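> Residues per chain, in single letters:
Protein chains: 2
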Amino acid sequence: MTTSRSFDVTALGNAIVDVLVHCDDALLDKLDLDKSTMSLVDATRAEEIYGALGPGIEISGGSAANTATGIASLGGRAAFIGKVADDELGGIFGHDLRATGVAYDVPAAPAGADTARCLVMVTPDAQRTMATHLGVAGSVAEADIDPVVIAASEILFIEGYLVGLPGAAAAIAAAVRAARRAGRRVALTLSDAGWVAARRDAFRTLVGDVDILVANEAEACELTRCRRAEAALETLAGRCAAVAVTCSERGALLGAGAETVAVPVGGNVDVVDTTGAGDLFAAGFLLGLARRRPLADCGRLGALAAAEVISHLGARPERNLAELAAAAGLQLAPESPG
Amino acid sequence: MTTSRSFDVTALGNAIVDVLVHCDDALLDKLDLDKSTMSLVDATRAEEIYGALGPGIEISGGSAANTATGIASLGGRAAFIGKVADDELGGIFGHDLRATGVAYDVPAAPAGADTARCLVMVTPDAQRTMATHLGVAGSVAEADIDPVVIAASEILFIEGYLVGLPGAAAAIAAAVRAARRAGRRVALTLSDAGWVAARRDAFRTLVGDVDILVANEAEACELTRCRRAEAALETLAGRCAAVAVTCSERGALLGAGAETVAVPVGGNVDVVDTTGAGDLFAAGFLLGLARRRPLADCGRLGALAAAEVISHLGARPERNLAELAAAAGLQLAPESPG
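Chains as they are written, first to last, in numbering that gives the first Met the number 0: chain H, 0 to 337; chain S, 0 to 337.
No lab work stands behind these hints, which were simulated from the structure alone. Computed from a prediction, not measured in an experiment: that's the story for all the values here. Check each hint, because a few of them may be wrong.
Here are some, though not all, of the chain S residues that point toward chain H, as calculated from beta-carbon distances under 10 Å [to be verified]:
| id | residue |
| --- | --- |
| 1 | Val20 |
| 2 | His21 |
| 3 | Thr36 |
| 4 | Met37 |
| 5 | Ser38 |
| 6 | Gly50 |
| 7 | Pro54 |
| 8 | Ile58 |
| 9 | Glu87 |
| 10 | Leu96 |
| 11 | Ala98 |
| 12 | Asp113 |
| 13 | Arg315 |
| 14 | Glu317 |
Positions of the beta carbon are idealized from the N, C-alpha and C atoms, including for glycine.
Chain H on its own, in the form it takes in the complex:
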């Protein structure tokens, strides 16, 4: 692509503003929340949890949107598709995304549900437990899919949290069709092991239709019913052209055809908040694949981006990832070869 509207990655996901709050394990128990998982909550339950939490800070989030900002920070070109309402948090979400250089043209929903909010509870061990009130984000629809943007993108990236949402199925299908028609690659993240367990059939069907899969160990094992990351990788690599299975402090395993690569973590990090680790790994991995870099480099880019985001509160990079990548000998050309 040589037009100015070409992208490395278009990410399709939930448009969410995070509310970050420090809390202890006892409060998670009291609120009956499953530690380290994401659960969907309705407005009443969201208010109940929020009312029990201490003061928070609001930062734009959303898994695939975080990935898009990571790609932009690495010097790549990203677009995002997801739905906000015409409200204050929707305005903040759109501003923050565009301010990082991500193209975001989906119109805000004029009335009805609010912009999605995710209560991110960070415990002293840097783990995050999430309760998401999806609001209008869950109503992303086929009409929001711009086939021109997807056709102009090396990779279409789908957030697993959309899988199984009633309205989103048509949007995902339309996006995949647009990518296929243009000969583009399709990527998927599994997002959350509990989410996969509850929607196994939908995930299995979709995984059969994607080229690139990103998952953490628990998610990959949940989907494949394997007990170890290595076995899950082997199974998934038989279905997708490129697979990454992240294993927290043990780094990541990558597979592409017969090739397997183990990637160490991206440096010595004082872990403050693991929120966004998977999202940012995906950013580096996908950008590397979009630029057709060697598999090991794709993994190193992912590890480097993940290491930055877990070193501070919030799920979006604070430092310029392109500079970090260049310092690590992983600089990317300003233009994609696509």
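Starting from the known structure of chain H, arrange chain S on it as the hints suggest.
Same frame as chain H, but now just chain S:
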């Protein structure tokens, strides 16, 4: 006071959510903003500035509200009076204040202007430049003043940013009347040198009516037309029973009657963001005065709270200030002697 609804301090000020953004000096110049000052902007100008800024994080703020949270963190009892709208940012502001233990009972305005937003631009030298869109905060009115709460408070604390706002004059007058009727002390912060310069007469009148004054060097010199903090302190101590003039890295000067005390800064701090330094100094100083501690201790409590808040982004304490105070030998009794 022995009822459960007694307070050390009731703070009256603007209810604001801060949008914190890192930026460089060149952008401040381009946006024609006066570095390190606060300016009021209308909705159009706020959008213009916001559109030019990078991604932000949202944290509840407001000068006197920050002071109230500092008092709560120090183990004191604080109430806040200020106006939000019935919108998302208003809900966030109220939650964050109550979640820190501050009593806040002013009803949200059901329609009209939005909750106030302050664009806080933090430059690499840790200085903050602020552009505030006041929205509904500026319409705090006499009806919002609860004389029972003020009568139950050792000190009524008035934010200088309210001085000169058309609607707020009646609210300030009603609050001062309620405090006087109950035999309570009244405190004022000068808030901003530019604000004082533009409203000198209103400030001079009000200063003649308060017992406690908190100001930084520039504000104190602006009001008194003195050139140095020492001279400004002497002038102001002739008008108010207790005065604190903060002098950034040189600490603070305190005066009460003939007594003068110099307070050093509250420890070695890696300064990240000076936003809230004055607000938190006021928290410690006022709580000390509410508990009738020696003047030097009041200053040390202020310096300790200010040192914590400048060590991180945001204008509200992240650490438990009561623990920091106890570690410094400044523990406060759980109950006020009032």
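> Checking each numbered hint in turn, tell me which of them this model violates, lowest number first.
3, 4 and 5
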